[in-house]
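Read off the chains here:
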Amino acid sequence: MTDWIDIAALDDIPPRAGRVVRTTGGCIAIFRTHDDRVFALDDRCPHKGGPLSEGIVHGHAVTCPLHNLVIDLHSGQAQGADEGRAATHAVRVEGGRILLDARLLQARSAA
Amino acid sequence: MTERLVIVGAGMASGRMLEELSERAPGEWDVTLFGAEPHGNYNRIMLSPLLAGETTFDEIVTHDADWYRAHAVTCRFGETVTRIDRARKVVVGARGEVPYDKLVIATGSASVRIPVQGNDLPGVVGFRDLADVETMLATAQHPGARAVVIGGGLLGLEAAAALNARGMKVTVLHLMGHLMERQLDASAAYLLQKELEARGIRVLCNAHTQAILGEGRAEAVLTEDGALHPADLVVMAAGIRPETRLAVDAGLRVERGIVVDDHLTTSDPDILALGECAEHSGVVYGLVAPLYDMAVVAARNLAGEAASFAAPEVSTRLKVSAVDLFSAGDLEAGEGAEEIVFRDPARGVYKKLVLRNDRITGILMYGDVSDSAWFFDRLKTGQSIAEMRDVLILGPAGRGAGIDPLAAVAAMPDDAEICGCNGICKGQIVAAIRAGANDLAAVRAATRASASCGGCSGLVEQVLAVTLGDAYAAAEPAGICGCTNLGHDEIRRLIRARELKSIPAVMQEAGWTTSCGCATCRPALNYYLLAEWPLEYRDDPQSRFVNERNHANIQKDGTYSVVPRMWGGITTPAELRAIADAAEKYDVPTIHVTGGQRIDLLGVKRDDLPAIWSDLNAAGLVSGHAYAKGLRTVKTCVGANFCRFGTQDSTGLGIRLEKILWGAWTPHKVKLAVSGCPRNCAEATCKDVGIICTDAGYEVGVAGAAGLELKQTELLAKVTTEQDVIDLTAAFIQLYRENAAYLERPYKWVARVGLDWVRARVVEDAAARKALIERFETSQSVYRADPWARQAQPGMQPVKWAPLADLTLEAAE
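Line by line, the protein sequences give chains A and B. For what it's worth, our numbering labels the leading residue of the first sequence as 1275, then goes sequentially. For what it's worth, our numbering labels the leading residue of the second sequence as 69, then goes sequentially.
Same shape as in the complex, but just chain A (with noise of 0.2 Å):
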């Protein structure tokens, strides 16, 4: 069973918009869709390394703010012809609160 740390509120985050959360491993970038979804990844572009977090947001995507790569925030897959993955983590939403698997504290922190 999955543990979880709360992070923040979801509405920390505006809609369409993504912010950062700093591990020890490096930084999550955490995406709230036009939906209310929410989202985490590696906030690297698996091309040139781009913080994915400050790109734009449409759909359950995220376009690269270096060079455009479109990211599937579902599977952090790189859209149509480009390859590369932004390795996903588990988040949910519950009572208007930002969870975030915990997994994340111990596994970067022994890394």
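By construction, these hints were calculated from the structure, which means they are not laboratory data. Where is the CB? At the ideal position from N, CA and C, for every residue including glycine. Mixed in with the good hints there might be a few duds.
[To be verified] Covered by chain B, according to a simulated footprint, are these stretches of chain A (three or more residues, beta-carbon under 8 Å):
{"hint": "1", "region": "1280-1289"}
{"hint": "2", "region": "1292-1303"}
{"hint": "3", "region": "1311-1323"}
{"hint": "4", "region": "1330-1341"}
[To be verified] Computed Cβ-Cβ distance ranges for the label pairs, DEER-style:
{"hint": "5", "chain 1": "A", "residue 1": "1342", "chain 2": "B", "residue 2": "649", "range": "34 to 42 Å"}
{"hint": "6", "chain 1": "A", "residue 1": "1366", "chain 2": "B", "residue 2": "448", "range": "24 to 32 Å"}
{"hint": "7", "chain 1": "A", "residue 1": "1280", "chain 2": "B", "residue 2": "474", "range": "55 to 63 Å"}
{"hint": "8", "chain 1": "A", "residue 1": "1353", "chain 2": "B", "residue 2": "546", "range": "18 to 26 Å"}
{"hint": "9", "chain 1": "A", "residue 1": "1280", "chain 2": "B", "residue 2": "373", "range": "58 to 66 Å"}
{"hint": "10", "chain 1": "A", "residue 1": "1359", "chain 2": "B", "residue 2": "792", "range": "57 to 65 Å"}
{"hint": "11", "chain 1": "A", "residue 1": "1366", "chain 2": "B", "residue 2": "167", "range": "25 to 33 Å"}
{"hint": "12", "chain 1": "A", "residue 1": "1277", "chain 2": "B", "residue 2": "323", "range": "15 to 23 Å"}
{"hint": "13", "chain 1": "A", "residue 1": "1342", "chain 2": "B", "residue 2": "569", "range": "27 to 35 Å"}
[Said to hold, decoys possible] Here are the simulated DSSO-like pairs of lysine-lysine, each with C-alpha atoms no more than 27 Å apart in a straight line:
{"hint": "14", "chain 1": "B", "residue 1": "697", "chain 2": "B", "residue 2": "569"}
{"hint": "15", "chain 1": "B", "residue 1": "737", "chain 2": "B", "residue 2": "673"}
{"hint": "16", "chain 1": "B", "residue 1": "569", "chain 2": "B", "residue 2": "838"}
{"hint": "17", "chain 1": "B", "residue 1": "737", "chain 2": "A", "residue 2": "1322"}
{"hint": "18", "chain 1": "A", "residue 1": "1322", "chain 2": "B", "residue 2": "624"}
{"hint": "19", "chain 1": "B", "residue 1": "816", "chain 2": "B", "residue 2": "779"}
{"hint": "20", "chain 1": "B", "residue 1": "786", "chain 2": "B", "residue 2": "816"}
{"hint": "21", "chain 1": "B", "residue 1": "786", "chain 2": "A", "residue 2": "1322"}
{"hint": "22", "chain 1": "B", "residue 1": "737", "chain 2": "B", "residue 2": "624"}
{"hint": "23", "chain 1": "B", "residue 1": "737", "chain 2": "B", "residue 2": "569"}
{"hint": "24", "chain 1": "B", "residue 1": "673", "chain 2": "A", "residue 2": "1322"}
{"hint": "25", "chain 1": "B", "residue 1": "237", "chain 2": "B", "residue 2": "262"}
Given the structure of chain A, go ahead and fit chain B onto it with the hints provided.
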């Protein structure tokens, strides 16, 4: 022996359960029914029509005194239940105890009273029961009475529409970005808002209620932006809360609602719960269909049958007369899901289906819900729609029927109107085509069809295709992105002609094929809207590229460059010292002098941006907009002040120009230069606007380039005063702002429209020039401001700039 059944709550769920129980197990239970309201069960979902005056209370009563008598139900209406004593198995009411063998809790839910000052003033009501409706109707009787409805969800909008129908002036304050965000997407919500506004209801989204004001009773609602909304009545419709107090006090398991299993039994085997107060598999239901399902299951269990409740698919309709809206299932376009979007701008229709594995999993319809039952049936049964995928959105009519749009156009009579703006019929277009107009542009020139708002361009093309047959080579769809077939010009024309003032409005009226656009069209629409409606449109940061959202240039390693403005390339020791101090304080690794005569601090960490701006602001430095599709720099030489060849005050003019133009958003970046003599040390002849000073005055050149292409400026005009230069420049830039495509540099735009066309408006027509300057100034009254100063305000920082959370510290423990 009959067993004793006590029911707490005389609402729709328990009413339905009693009906079912009396059929399945007549006489087996000795029933006592508690109800907080002074009367029995009525059809609560008809409160909206009751409020609107479309029905009467007698018509919505479902169980009257005769019914209860005939079914031997002991009624304890208007009596509060104070507690449940589980050890003794009694319910304690205000007028005495009642013992039970089985207890059913059906206490429903209550309106959430948002925690603001004044929420308990007289005149503040929820919208849950008959008493609320009576209070509202009493207020609505006063001529000119005003109501504020807090909450733009299902309930709030029904109340708003009903009060509006009763003649009240109604304002809806909705916390979220669009109405009914749980059931609708932005496109459907746009149509709904438009309809409500057309009825005279004011709708304000992103409205945070701060307090309800009034002496002795509610008089006004104050929102966070400082606006005061007068109100004789305040309706709280910001959500409902399951009424669980009795269950909590009795020690039953309660999460959001009273937790029940598949048999609707609570954590106490002798107590059941159903209706809006119950939580099953983590879900609390608020719609009548699942609540009736619960009622039947509960009755069957009480009658000794084994019955289970299973989570049903639910659908939503808004009970507002003449608003057709249907929402069901999961509307997220998730992984493996695809959207089919259909829009008919002319009829105000929007339909979206979400498909997963060839099955319908979500339905949203606005404006035309005639096929909703057909779609909902397919959603519930989960049948494959693979074979009808292409025509699915057309509903049952799409199956095999004539869906060829060309056939429909061919069948139109000659007097059928194609272009509503200009009143052009099909026959006139066909005549023009027969006379030689063989493409859209030619038809537009010959007939004016599609020349105004452009909404009928597709239809005109279909007439071309039908008339010319194979001879017509349809133009490639020249849409600005994959979301639309419309080009930049057509979109701008539509925004202007139809007065569209939001991104969802454009997407609906222009028939976007996606529900929320993409990274290409959203920044373009955001620009077009702010350029067209500077005073009304609110900039959408989430439709901006990172640099414009963060007011700094992102670098390849994710750091930023910071460039303060140096007006006309002039600086002072104090400014240089402030820049040097900031560079040291924030460990700026690289300082570079730019080609635009200013200083670039490269490698600034994102989190340091507000602080470095604040420091630079303190020294009087503002954003240089080095990141913007907007005015960048005005380069100058030192001119007549120092140079022995200088003819005019080129630095002074450069600074004046920069002070007028800064902060303006443009389709692409704009760079200027002013050279003090024809030797042109400021390199003015490769700028978007370049001014060369001469002994006779000023030569204003435009449309130069020194990027991917190299191009000299072309002379717009020779003038004699600085004010002439400023007027021409402002007018030229405004013309560019109003007419160029997003991301089209001025030199490309001028090449496209022709310098003569530009000169006719900017130079030759004084009235047109004056109007352009006035529109530019209107826009600048909003945008001539330093974004750094705003972002560096302490209030902005935690909201936007800090990480959402920092887990590195916790991990170290």
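Now the hints, each set against the structure:
For a cut-off of 8 Å, the count of residues in the region 1280-1289 of chain A with a CB near a CB of chain B stands at 6, and the three-residue condition holds. Restraint check on the region 1292-1303 of chain A versus chain B: 7 residues with Cβ-Cβ distances below 8 Å, three needed, restraint holds. Judged by the Cβ-Cβ criterion of 8 Å, the region 1311-1323 of chain A is covered by chain B as claimed, because 3 of its residues qualify and three suffice. Coverage of the region 1330-1341 of chain A by chain B holds. Counting CB-CB distances below 8 Å, 8 residues qualify, and the rule asks for three or more.
Range check, residue 1342 of chain A to residue 649 of chain B: about 37 Å between beta-carbon atoms, so the 34 to 42 Å window is met. At about 26 Å, the CB distance of residue 1366 of chain A to residue 448 of chain B agrees with the hint of 24 to 32 Å. At about 57 Å, the beta-carbon gap between residue 1280 of chain A and residue 474 of chain B stays in the expected band of 55 to 63 Å. Between residue 1353 of chain A and residue 546 of chain B the CB atoms are about 23 Å apart, so this pair conforms to the stated range of 18 to 26 Å.
Separated by about 43 Å at the C-beta atoms, residue 1280 of chain A and residue 373 of chain B break the suggested range of 58 to 66 Å. The given range of 57 to 65 Å is respected by residue 1359 of chain A and residue 792 of chain B, whose C-beta atoms sit roughly 59 Å from each other. About 44 Å separates the C-beta atoms of residue 1366 of chain A and residue 167 of chain B, a value inconsistent with the hinted range of 25 to 33 Å. Checked against the given bound of 15 to 23 Å, the beta carbons of residue 1277 of chain A and residue 323 of chain B, roughly 19 Å apart, stay inside it.
Taken as a hint, the range 27 to 35 Å holds for the pair residue 1342 of chain A and residue 569 of chain B, whose Cβ atoms sit roughly 28 Å apart. A C-alpha spacing of about 21 Å is found between residue 697 of chain B and residue 569 of chain B, which places the hinted pair at or below 27 Å, so the restraint holds. About 24 Å separates the Cα atoms of residue 737 of chain B and residue 673 of chain B, which keeps this hinted pair within 27 Å; it holds. At roughly 25 Å between alpha-carbon atoms, residue 569 of chain B and residue 838 of chain B fall within 27 Å of each other, so this suggested pair holds.
The suggested pairing of residue 737 of chain B with residue 1322 of chain A holds, with an alpha-carbon distance near 26 Å, which does not exceed 27 Å. Only pairs whose Cα atoms come within 27 Å are accepted, and residue 1322 of chain A paired with residue 624 of chain B is accepted, the gap being roughly 8 Å. Pair hint residue 816 of chain B plus residue 779 of chain B holds up; C-alpha atoms about 10 Å apart against a cutoff of 27 Å. Proposed proximity of residue 786 of chain B and residue 816 of chain B is supported: the alpha carbons are some 22 Å apart, at most 27 Å.
Only pairs whose Cα atoms come within 27 Å are accepted, and residue 786 of chain B paired with residue 1322 of chain A is rejected, the gap being roughly 49 Å. Restraint check for residue 737 of chain B and residue 624 of chain B: satisfied, since their Cα atoms lie roughly 20 Å apart, inside the 27 Å limit. Restraint check: the Cα-Cα separation between residue 737 of chain B and residue 569 of chain B comes to about 24 Å, which is no more than 27 Å; the hinted pair holds. For the proposed pair residue 673 of chain B and residue 1322 of chain A, the alpha carbon gap of about 18 Å is at most 27 Å, so the pair holds.
The suggested pairing of residue 237 of chain B with residue 262 of chain B holds, with an alpha-carbon distance near 16 Å, which does not exceed 27 Å.
Consistency with the previously given hints fails for numbers 9, 11, 21, ordered from lowest to highest.
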